[in-house]
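Enquirer: Generate the whole structure from the sequences, applying the supplied hints.
Listed below are the residues making up each chain.
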Amino acid sequence: DLQFVIGLFFSVVSLILLFNVMLGSNSKLNVYTGSGFLIFGLAMMLIRGKK
Amino acid sequence: MSLHFADYLIILVYFIFVIGVGFLIKKKIKSSNDFLTSSRSIPLWITSLAFISANLGAQEVIGMVASGAKYGIMTVHFYWVGAIFAMVFLGVFMMPFYYGSRARSVPEYLSLRFDEKTRGLNAISFAVMTVFSSGISLYALAKLMETILHWDFDISIWVSAGIVMVYTFLGGLTSAVYNEVLQFFLIVLGLSPLVIIALQDAGGWDNIRALLKPEMTHAWKYMGNANDNPMGLQFMSLIFGLGFVMSFGYWCTDFLVVQRAMIARNMGDAQRTPIIAAIPKMMMPLIVVLPGIIAITLMQPALLSKGYHIPTTANGELDYTMTLPSLIAHYYPTGILGVGITALIASFMSGMAGNVTAFNSVFTFDIYQSYFVKNKSDRHYLFVGKAVTVVGILISIATAYIARGFNNINDFLQLVFGFVNGPLFATFLLGMFWKRTTGHGAFWGLVAGTAAAAVTHGLTIAEGKGGWIAEWYPIKSGMGQAFIVAGVSWVFNFFTTIVVSLFTKPKPDSELKGLVYSLTEKPKYHEQKWYLRVVPLGLVLLAITILLNIIFF
Numbered sequence: 002d003l004q005f006v007i008g009l010f011f012s013v014v015s016l017i018l019l020f021n022v023m024l025g026s027n028s029k030l031n032v033y034t035g036s037g038f039l040i041f042g043l044a045m046m047l048i049r050g051k052k
Numbered sequence: 175m176s177l178h179f180a181d182y183l184i185i186l187v188y189f190i191f192v193i194g195v196g197f198l199i200k201k202k203i204k205s206s207n208d209f210l211t212s213s214r215s216i217p218l219w220i221t222s223l224a225f226i227s228a229n230l231g232a233q234e235v236i237g238m239v240a241s242g243a244k245y246g247i248m249t250v251h252f253y254w255v256g257a258i259f260a261m262v263f264l265g266v267f268m269m270p271f272y273y274g275s276r277a278r279s280v281p282e283y284l285s286l287r288f289d290e291k292t293r294g295l296n297a298i299s300f301a302v303m304t305v306f307s308s309g310i311s312l313y314a315l316a317k318l319m320e321t322i323l324h325w326d327f328d329i330s331i332w333v334s335a336g337i338v339m340v341y342t343f344l345g346g347l348t349s350a351v352y353n354e355v356l357q358f359f360l361i362v363l364g365l366s367p368l369v370i371i372a373l374q375d376a377g378g379w380d381n382i383r384a385l386l387k388p389e390m391t392h393a394w395k396y397m398g399n400a401n402d403n404p405m406g407l408q409f410m411s412l413i414f415g416l417g418f419v420m421s422f423g424y425w426c427t428d429f430l431v432v433q434r435a436m437i438a439r440n441m442g443d444a445q446r447t448p449i450i451a452a453i454p455k456m457m458m459p460l461i462v463v464l465p466g467i468i469a470i471t472l473m474q475p476a477l478l479s480k481g482y483h484i485p486t487t488a489n490g491e492l493d494y495t496m497t498l499p500s501l502i503a504h505y506y507p508t509g510i511l512g513v514g515i516t517a518l519i520a521s522f523m524s525g526m527a528g529n530v531t532a533f534n535s536v537f538t539f540d541i542y543q544s545y546f547v548k549n550k551s552d553r554h555y556l557f558v559g560k561a562v563t564v565v566g567i568l569i570s571i572a573t574a575y576i577a578r579g580f581n582n583i584n585d586f587l588q589l590v591f592g593f594v595n596g597p598l599f600a601t602f603l604l605g606m607f608w609k610r611t612t613g614h615g616a617f618w619g620l621v622a623g624t625a626a627a628a629v630t631h632g633l634t635i636a637e638g639k640g641g642w643i644a645e646w647y648p649i650k651s652g653m654g655q656a657f658i659v660a661g662v663s664w665v666f667n668f669f670t671t672i673v674v675s676l677f678t679k680p681k682p683d684s685e686l687k688g689l690v691y692s693l694t695e696k697p698k699y700h701e702q703k704w705y706l707r708v709v710p711l712g713l714v715l716l717a718i719t720i721l722l723n724i725i726f727f
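Residue numbers (the numbering used here), protein chains in the order written: chain A, 2 to 52; chain B, 175 to 727.
Don't take each hint at face value.
What the hints assert, rightly or not - Rough simulated footprint, nothing fancy, chain B against chain A, three-plus residues with beta-carbon under 8 Å: (1) 2-8; (2) 11-18; (3) 30-41.
To be verified - Here are the computed distance ranges between Cβ atoms for each label pair: (4) A:Leu16 - B:Leu693: 28 to 38 Å; (5) B:Asp380 - A:Phe20: 52 to 62 Å; (6) A:Phe5 - B:Leu676: 56 to 66 Å; (7) B:Tyr647 - A:Phe5: 51 to 61 Å.
Since the hints were made in silico from the structure, they are not lab data.
In this text the structure is predicted, and so the values were computed from the model without any measurement.
All residues carry an ideal CB built from backbone N, CA and C; glycine is no exception.
Expert: Spelled out as structure tokens, the structure:
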């Protein structure tokens, strides 16, 4: 399901951005973007249209 | 600019996902139609986003940001004049013929409507153009990565071409289309934070208008005279050259984008595809034009403290093509820098994969099956389609290396593509709406239009280009020259087609059903909701487009 794959991609990328900040290597921008990507990714994975 | 572990990890995740999509689609590929036309099974939301993403290649993303920095808000004409109207026209009037005729490609429609020589001319010129365009896109990617990240040119070429080859070879058109949707989201979401923080840095739109010259922030106000605006264009040449000839010639006849609508599940979805795609297309200037305008604003004396500057060339002139990469380097820290670079790579790869999949469909159906090996098994054509994918990628790689050796080859190829594309829409317009148009008329019209384009270019000169026959007519800008060349070629094609058609025998009406407007049953719309019907939806989009032009007049 392409919608699920896209959601999964953005969730993985968001985790990289957020872990990058948590591990101390860095940036509000990473936090905001990472959070935004995580919300978008989870929404794409979980929200389904009517069949 | 240098990347760190997190940036490389994001690029690696992207590569894994696009190849993964190829592997997931692979098991669905059973026939040549699955591989080359997705067996007309793709849902509407995917065809619509792929339609827009196939056009969102690197030339679009990097080129439009550069144009925004150089010409200001007039760049939106490529969207609000040069795209939306043609996309709505394609959906309402032309998709019923493309989709209803069951043609697998645009050249195949020409063979059904006209004859084999018209199809052959279009198929061969299109195949050559797409595979060279793919190579130019590849060259631009490797060159950019070499410049901003100091990546090895050869490695950039072979890795990016290899990844595109793997996923298009495994999953064919479906794989390319699915990845185009992923690339669309990546480009839009990857560049959105840049627009927000850079706009904030520039003090918002009101401050931009206060700091820039008025002709940089008004789309139409200074178009009465070509000398008054940065594009060097007069509004009539913009409306006819870009808004009609070039725009309709590209959006309504270029198989690369039309193919995305032709693989929809049914006629209604095929018609809605370009119209729904027009919604993000209308908003795209926010992502690809506004950053360019912001960049030039940040270089005004009042904002020099922000520390941003568009890079310069060896001659000391502003290198506008580096505007977007330099904005990314200036604003993005490690982590999201990887997202920005991945978005750039995605734009190159979507452009390249779009070209390769259009090339393999046209080559397999319209050249190989039509002229060389007819009536073989479907398995044979599936094998040929896959083999042509590999060959197309290899020719692209060769083109990229040739482009590296001869800097001017890009300009030359773009010029020749313009000669071929300029007159095309006249052929389709007459073919679809005048049943008297004949195959001889269409063929000789295209030949005359292309010749007229070359001669017009040879007689006009702009920014030192053209005038290779005689420097009869100086034009202020190269863009103005391109619009005039396209306009003249269209007119020559239009009238030559009519004259030759009147002296040659047309096809009988019985052979033109489903191919010509007057002989085709109009699609019935069963959808109850007005916003799912193509005409009301198209009209709403046109009204919004006109409103946007008025707001930024």
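Enquirer: Does each hint hold? Answer for all of them.
Expert: How the hints compare with the structure:
no.: 1; hint: 2-8; verdict: holds (count 3)
no.: 2; hint: 11-18; verdict: holds (count 5)
no.: 3; hint: 30-41; verdict: holds (count 8)
no.: 4; hint: A:Leu16 - B:Leu693: 28 to 38 Å; verdict: 58 Å, violated
no.: 5; hint: B:Asp380 - A:Phe20: 52 to 62 Å; verdict: 39 Å, violated
no.: 6; hint: A:Phe5 - B:Leu676: 56 to 66 Å; verdict: 57 Å, holds
no.: 7; hint: B:Tyr647 - A:Phe5: 51 to 61 Å; verdict: 57 Å, holds
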